[in-house]
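**Student:** Going line by line, the protein sequences match chains F and P.
The working numbering puts the first residue of the first sequence at 1, with every later residue one more than the last.
The working numbering puts the first residue of the second sequence at 1, with every later residue one more than the last.
Hints listed in this document are in silico derivations from the structure and should not be mistaken for laboratory results.
All clues stand as given, with none of them false.
Cross-link-like lysine-lysine pairs, in silico, BS3-like; alpha carbons within 25 Å at most:
(1) P:K97 with F:K44
(2) F:K62 with P:K2
(3) F:K62 with F:K11
(4) F:K83 with F:K15
(5) F:K62 with F:K15
(6) F:K71 with P:K97
(7) F:K44 with P:K45
(8) F:K44 with P:K42
(9) F:K44 with P:K2
(10) F:K62 with P:K97
(11) P:K45 with F:K11
(12) P:K97 with F:K78
(13) F:K78 with P:K42
(14) F:K11 with P:K42
(15) F:K78 with F:K62
(16) F:K83 with F:K44
For reference, the chains in residue letters:
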Amino acid sequence: EAGVAQSPRYKIIEKRQSVAFWCNPISGHATLYWYQQILGQGPKLLIQFQNNGVVDDSQLPKDRFSAERLKGVDSTLKIQPAKLEDSAVYLCASSRGVEQYFGPGTRLTVT
Amino acid sequence: RKEVEQDPGPFNVPEGATVAFNCTYSNSASQSFFWYRQDCRKEPKLLMSVYSSGNEDGRFTAQLNRASQYISLLIRDSKLSDSATYLCVVNPSGTYKYIFGTGTRLKVLA
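All chains, please: the whole structure from these sequences, using the hints.
**Tutor:** As structure tokens, this is what we get:
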């Protein structure tokens with residue numbers, strides 16, 4: 001079974017630029033999560049989808065972050081404009097039950 | 001008070017030692033609890049779920065204390081390969097939302 005795929009793996013941008021991350025969950029997993037993990041901290045949930053509907057986006061900074069999951073499969077997370085404090089690893093995870101399966105993450109550096 | 005709190009460590013222990021971590025949670029209505037393991041620069045992976053009756057998997061034992069609102073992870077006979085960050089995860093409401101602790105870093109020394 002293929003795991004959660006994410007791209008790109010690394011991205012370096014300047015502040016005020018925009019960036020997009022892509023996630024392909026495990027086939028058949030209805031729930032998809034985007035997490036932000038800052039160095040030295042645990043993952044923080046940004047947004048959770050159930051199929052193509054948003055279940056929770058209470059911690060998503062909506063003035064600069066947006067996410068979509070068209071057709072209930074792939075998902076994209078966008079940041080526009082980026083700030084220095086957005087430097088982090090962005091993890092995508094999917095689940096069918098209680099266990100979450102994480103992708104390798106995208107390491108974002110904002111300079 | 002944070003929803004999920006862990007001692008960040010690091011816990012430095014010799015090979016063969018027994019080590020235990022605790023994790024406290026603030027929401028008494030929390031339903032499900034998990035320990036995830038995260039290796040350096042890797043993604044988190046489920047280590048074990050924590051059941052009310054406790055859960056044991058080889059050298060690893062997880063326990064839940066609802067009265068005091070904490071979960072624990074015990075690792076016996078530590079191996080070098082156990083060196084990682086151990087993340088406590090709490091499901092506060094019975095939905096598929098998960099709150100992660102900051103993680104406890106373990107270093108097993110030869």
